[in-house]
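So you can see what is in the structure, the chains are spelled out below.
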Amino acid sequence: MAKSTQLIDNEVFRAYATYAAIVLVKMMLMSLVTAYFRITRKAFANPEDTASFGKGDSAKKFLRTDADVERVRRGHLNDLENIVPFFGIGLLYALCGPDLSTALLHFRIFAGARIFHTFAYLIPLPQPSRGLSWAVGYAVTISMAYKVLSKALYL
Amino acid sequence: MAKSTQLIDNEVFRAYATYAAIVLVKMMLMSLVTAYFRITRKAFANPEDTASFGKGDSAKKFLRTDADVERVRRGHLNDLENIVPFFGIGLLYALCGPDLSTALLHFRIFAGARIFHTFAYLIPLPQPSRGLSWAVGYAVTISMAYKVLSKALYL
Amino acid sequence: MAKSTQLIDNEVFRAYATYAAIVLVKMMLMSLVTAYFRITRKAFANPEDTASFGKGDSAKKFLRTDADVERVRRGHLNDLENIVPFFGIGLLYALCGPDLSTALLHFRIFAGARIFHTFAYLIPLPQPSRGLSWAVGYAVTISMAYKVLSKALYL
Chain L
5 MAKSTQLIDN EVFRAYATYA AIVLVKMMLM SLVTAYFRIT RKAFANPEDT ASFGKGDSAK
65 KFLRTDADVE RVRRGHLNDL ENIVPFFGIG LLYALCGPDL STALLHFRIF AGARIFHTFA
125 YLIPLPQPSR GLSWAVGYAV TISMAYKVLS KALYL
Chain E
5 MAKSTQLIDN EVFRAYATYA AIVLVKMMLM SLVTAYFRIT RKAFANPEDT ASFGKGDSAK
65 KFLRTDADVE RVRRGHLNDL ENIVPFFGIG LLYALCGPDL STALLHFRIF AGARIFHTFA
125 YLIPLPQPSR GLSWAVGYAV TISMAYKVLS KALYL
Chain A
5 MAKSTQLIDN EVFRAYATYA AIVLVKMMLM SLVTAYFRIT RKAFANPEDT ASFGKGDSAK
65 KFLRTDADVE RVRRGHLNDL ENIVPFFGIG LLYALCGPDL STALLHFRIF AGARIFHTFA
125 YLIPLPQPSR GLSWAVGYAV TISMAYKVLS KALYL
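Chains as they are written, first to last, in the working numbering: chain L, 5 to 159; chain E, 5 to 159; chain A, 5 to 159.
One thing to keep in mind: the hints can contain errors.
[Said to hold, decoys possible] Using 25 Å as the maximum straight-line C-alpha spacing, the simulated DMTMM-like pairs for lysine to aspartate or glutamate come out as follows:
id	chain 1	residue 1	chain 2	residue 2
1	L	Lys-30	A	Asp-72
2	A	Lys-64	L	Glu-74
3	L	Lys-155	A	Asp-72
4	A	Lys-30	A	Glu-52
5	A	Lys-30	E	Glu-15
6	A	Lys-59	L	Asp-72
7	E	Lys-59	A	Asp-53
8	E	Lys-59	E	Asp-70
9	E	Lys-65	A	Asp-70
10	A	Lys-151	E	Asp-61
11	A	Lys-59	L	Asp-13
Just so you know, the hints here were simulated from the structure itself, not pulled from any lab data.
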């Protein structure tokens, strides 16, 4: 029987697992930031969420959108649109046997760019801070996709 | 040559594959629920989707948002935000060689919490039903991420 | 020590890696299409994004939604809802050791259906073009999930 633990002994795969876990946890933290802003701004999407703030019409006024909440939600969606492809393409890339140093370079730049992107979105920093950090992460993922397709291509 | 079928002989990986497939299929079912509510509530997002209900202005009135449709869509997005990190971190976790019983505990609690979350969102149940089921799934994923980072850490 | 490069020597896994990378890159291209429409339609979601179009009130008018931008964003979200489950379930499916020809059939139909879906959404083509291409991709993923559950089931 094969032990699935063998893969985790590979250094490239360990590096991938580390950075993939970091950016996925970072993405999950956006849920907590959304919850924080929903509660402090009293801006909810579901009637049942406002029940603790009063009954009937007095609760209805908390069913609203708030600029800060929407900003965090856009950041969260942007994470889904970018971190999920990184996870998928990065996994295939790690299995393609790249050099450890090249792989680490990809993973570190991506993680750094996405963490910076979150701060650029939430503070917010003036453009093009957010745009550039988005583009860096995007380019890293495309670079890994190129490696996967050139190594594994089987149409 | 390595057979990729070896991994699937590992019991932890089989358990992961089972629960990951279940929650991903559950997430996909949200598309059908959305379609059901869009058709029964006659609330569409695209002009071309309303063509079968009439021409011109008589069709335009179906281009609207509906409270039930939006509720399902929020549930679907919440699944994306939580089930996708579970899939990713759970995969890395399964490859880290955890005890079978510990792994099963994580997978079963997560799947149960997310299935309950869907009912809590769609019925809807009074809070904190939905909030708690969300938190349980979130905590399970963080617990697996902790294991991955402590086992595989390679920065 | 296991080499993680072994998996990539398996033909089914290579086929999976190829088509998974193709549809993930296709999904990422939606970000560029969104950016293109946001810039040409001058319709932005963040105040800091409009700064280059003027100061104060003259920039505020670009903080708006645009029908073309929203259409691309719906297409992007639909990709997340469908391509991400394909990636996850397809990975487990590829590890279940299916026949190469059966696996290729699944991957090719899915990739073709989703590429057609994007054109059907963006042009847009009259229904049921988009609905049918969505259903084909959905059915392929469910078929793979059935294979995974019947092969790996461990509850």
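Do the hints match the structure? See the list:
1. L:Lys-30 <-> A:Asp-72: violated, 31 Å
2. A:Lys-64 <-> L:Glu-74: holds, 17 Å
3. L:Lys-155 <-> A:Asp-72: violated, 37 Å
4. A:Lys-30 <-> A:Glu-52: violated, 28 Å
5. A:Lys-30 <-> E:Glu-15: Measuring from Cα to Cα gives roughly 34 Å; hence the hint is violated.
6. A:Lys-59 <-> L:Asp-72: holds, 21 Å
7. E:Lys-59 <-> A:Asp-53: violated, 38 Å
8. E:Lys-59 <-> E:Asp-70: Judged against 25 Å, a Cα distance of about 21 Å means the pair holds.
9. E:Lys-65 <-> A:Asp-70: holds, 19 Å
10. A:Lys-151 <-> E:Asp-61: violated, 47 Å
11. A:Lys-59 <-> L:Asp-13: violated, 55 Å
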